[in-house]
Amino acid sequence: MLEIKDLRAGLVEGTEILRGISLTVKKGEIHSIMGPNGHGKSTLSKILIGHPAYKVFSGSVLWNGKDLLALSPEERALEGLFLAYQYPVEIPGVNNAEFLRMAYNAKLKKQGKETVDPLDFEDILTAKMELLGMDQKFRERAVNEGFSGGEKKKNEILQMAVLEPQLAVLDEIDSGLDIDALRIVADGVNKLSNSENAVLAITHYPRLLQYIKPRFVHVLFNGAIVRSGGYELAEELEETGYDSYLKK
Amino acid sequence: MSPQPGSPESAFLEGYDAFKHEGRFRHINETGAARFGALGFPAKKHEMFTFVNLREFLAEKFEHVEGPEKMPSKDEIKPFVYAGCENSLVVLVDGRFSAALSDMTAHDGNASATELDEGNPALDVHAENDVFASINALFLTGGVKIEVTNEGAQIGVPIQVLHISTAQARSAGKVPAYSPRIVVNLPGDAKARIAVKYCGLGKAYFVNTVTDLVLGEGAELDVSSVQGDPASAWHFSKTTARQKKNSRLGIVGATTGGRLVRHNFDLRLEGEGAALSLLSLAILDGAEQSHNYVRVTHDAPGCKSFEHYKNILRGRSVSSVDTTVTVNAGAQLAVSEQLVNNLMFSSTARADTKPRLMIRADDVKCKHGATVGRIDEAQIFYLVSRGLSEKAAKALIISGFAKGVLNAMPNGPISADAESLLLNKLGE
Numbered sequence: 001m002l003e004i005k006d007l008r009a010g011l012v013e014g015t016e017i018l019r020g021i022s023l024t025v026k027k028g029e030i031h032s033i034m035g036p037n038g039h040g041k042s043t044l045s046k047i048l049i050g051h052p053a054y055k056v057f058s059g060s061v062l063w064n065g066k067d068l069l070a071l072s073p074e075e076r077a078l079e080g081l082f083l084a085y086q087y088p089v090e091i092p093g094v095n096n097a098e099f100l101r102m103a104y105n106a107k108l109k110k111q112g113k114e115t116v117d118p119l120d121f122e123d124i125l126t127a128k129m130e131l132l133g134m135d136q137k138f139r140e141r142a143v144n145e146g147f148s149g150g151e152k153k154k155n156e157i158l159q160m161a162v163l164e165p166q167l168a169v170l171d172e173i174d175s176g177l178d179i180d181a182l183r184i185v186a187d188g189v190n191k192l193s194n195s196e197n198a199v200l201a202i203t204h205y206p207r208l209l210q211y212i213k214p215r216f217v218h219v220l221f222n223g224a225i226v227r228s229g230g231y232e233l234a235e236e237l238e239e240t241g242y243d244s245y246l247k248k
Numbered sequence: 001m002s003p004q005p006g007s008p009e010s011a012f013l014e015g016y017d018a019f020k021h022e023g024r025f026r027h028i029n030e031t032g033a034a035r036f037g038a039l040g041f042p043a044k045k046h047e048m049f050t051f052v053n054l055r056e057f058l059a060e061k062f063e064h065v066e067g068p069e070k071m072p073s074k075d076e077i078k079p080f081v082y083a084g085c086e087n088s089l090v091v092l093v094d095g096r097f098s099a100a101l102s103d104m105t106a107h108d109g110n111a112s113a114t115e116l117d118e119g120n121p122a123l124d125v126h127a128e129n130d131v132f133a134s135i136n137a138l139f140l141t142g143g144v145k146i147e148v149t150n151e152g153a154q155i156g157v158p159i160q161v162l163h164i165s166t167a168q169a170r171s172a173g174k175v176p177a178y179s180p181r182i183v184v185n186l187p188g189d190a191k192a193r194i195a196v197k198y199c200g201l202g203k204a205y206f207v208n209t210v211t212d213l214v215l216g217e218g219a220e221l222d223v224s225s226v227q228g229d230p231a232s233a234w235h236f237s238k239t240t241a242r243q244k245k246n247s248r249l250g251i252v253g254a255t256t257g258g259r260l261v262r263h264n265f266d267l268r269l270e271g272e273g274a275a276l277s278l279l280s281l282a283i284l285d286g287a288e289q290s291h292n293y294v295r296v297t298h299d300a301p302g303c304k305s306f307e308h309y310k311n312i313l314r315g316r317s318v319s320s321v322d323t324t325v326t327v328n329a330g331a332q333l334a335v336s337e338q339l340v341n342n343l344m345f346s347s348t349a350r351a352d353t354k355p356r357l358m359i360r361a362d363d364v365k366c367k368h369g370a371t372v373g374r375i376d377e378a379q380i381f382y383l384v385s386r387g388l389s390e391k392a393a394k395a396l397i398i399s400g401f402a403k404g405v406l407n408a409m410p411n412g413p414i415s416a417d418a419e420s421l422l423l424n425k426l427g428e
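Chains as they are written, first to last, in the numbering used here: chain A, 1 to 248; chain B, 1 to 428.
Keep in mind that a hint or two might mislead.
[Unchecked claim] Keeping only pairs whose Cα atoms sit at most 25 angstroms apart, straight-line, the calculated DSS-like set for lysine-lysine is:
1. A:K55 - B:K394
2. B:K394 - A:K110
3. A:K55 - B:K391
4. A:K109 - B:K394
5. A:K27 - A:K113
6. A:K113 - B:K354
7. A:K109 - B:K191
Because the hints were derived from the structure by calculation, they are not lab data.
Work out the full structure, taking the sequences as your base and the hints as a guide.
Encoded structure:
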């Protein structure tokens, strides 16, 4: 599904942050990228979604065999790539349900299907909210406006549930969450993942991974993947921390 | 004091002698004339008109008109009446109250609209400091008093106040000028909603309104106002409010702009625990202008005032918000907030903001803030990364910005009218 090859990338003004990353994610897989702060985890997520402040210097990213980097951010989303943001943006006055319906319809349109009216979408949204055990207040509130940190992250998962992406990149979805909110968010991710989609969870703390149990764990250090392994690597990091990498 | 011959004031008063000031409002006209003479049109740096350029206004030739030559029929005004307000309607045509077109039967005598009495205390203009309000008094020939008749009465259906300007000048080359005057009176614990709508049937006109809101103890009044005059209209308004103990006033204004629109608010929280909110949205394009000059005064302890202005500017449009909250000595525990947000879409548009506080008490919580800018790129990207086109994302963000104010209007035809008038402008 996703094939990153020797990717070098960084800020538009030229600072290199990612120094040759290669990573393959297949359908049905859950991957985790771990690492200390400031070593390129979030940059990778921004590059994948096509954020204009970041630039690819060399390397390639294939998406189902296509060149992902040639697609606009809008096209990437419509193709089924989803980024759950570390800091979701507040959009005052824009109704959450209305925004979700517009995004949902944009995807249906792309697939050549008929769009849904607000009434039909109500049912779809209700079902997703029930699946995630989410408060109905998310429906009527403005997008992330005045949401607590935990509510914002839950709202990202709700968007993921509605848009049903092929690949969900979760950028520090666990940051700022208390233990209960973390469980709710992780439960949501587990309920939504299946054999047809994939998850790339970027995190600093191993705790999230206790709940979503990735098959593959990668350590991103100084812009490169320095170690890959199974879930046991996350457990090891829980014990040792990142010190052994930082001291090198 | 008579204006100097050849001065803009003197030109403006051309025809005043012919004006029928022998009527029952003669004393008010004379006081208004004296105030006009004393105040005069503001010089460039006048404190109340810092951001308002009157040059084009003063170059225009106005003709003061009292009421239309022929009142329109009920059928003719029907398109402007909000669904549900047919029997809760106060109509002013060219500034003249029409009892025949008005209908307050929905309220079973709990609310009324009657011809304004010349002895009404709101008509004391001796201390008027706004030159345009003095002009309103100068040319006043009538007005309307909207009253909730009994203490504690709850008026369910919103009362629509419909200002129609037919823009029929009597003489060629002149712009008709109207001076509507409205007094709204709520006794103790009464509750009502008023939906004001301004519209014009013709092109250019000058509507110069004064509205006085009087709230008794514990009274609650919500006023929504849709200024939908054509882009060629001049629109000045002054709104005063006097609030007694524990009363609550909410004002929501939507402005589509005009040649020059200026709203002056003089709002006084006179009784302990009174609360006020003033929300305003202007969507301007071309050379349209909209200005707010606001003075909120806390005179008693425990009062709250909240002001939020949002302006969306395109083309060469101009907006300003000049607002001062004064907390007088003894008005402790005041809470006030002034917020101005300007969304700019053109490098030739101009937005001035001047939120100020004057505090003479020592236990208060007052804050103010202002923003000027384009749409936040982070917001656009967030929506685009969910599959929305950039165009759809921008439209959604702008309408969200506007809805922050529009959602405070009563649901149904009133907010729908404001939305279609203002948001359609963005779709052009």
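Hints, one by one, checked against the model:
1. In summary, the hint linking K55 of chain A to K394 of chain B is supported, as the alpha carbons are separated by about 24 angstroms, within the 25 angstroms threshold.
2. Note on K394 of chain B and K110 of chain A: the hinted pairing holds, with a Cα-Cα distance of about 20 angstroms set against a maximum of 25 angstroms.
3. Between K55 of chain A and K391 of chain B, the direct Cα distance comes to roughly 23 angstroms. Compliance with the 25 angstroms bound is thereby established for this hinted pair.
4. Proposed proximity of K109 of chain A and K394 of chain B is supported: the alpha carbons are some 19 angstroms apart, at most 25 angstroms.
5. Restraint check: the Cα-Cα separation between K27 of chain A and K113 of chain A comes to about 24 angstroms, which is no more than 25 angstroms; the hinted pair holds.
6. A distance of roughly 51 angstroms separates the Cα atoms of K113 of chain A and K354 of chain B; the hinted pair therefore is violated under the 25 angstroms criterion.
7. Using a Cα cut-off of 25 angstroms, the hinted pair K109 of chain A and K191 of chain B is violated, with the two alpha carbons roughly 48 angstroms apart.
When held up to the earlier numbered hints, the structure conflicts with 6 and 7 and fits the remainder.
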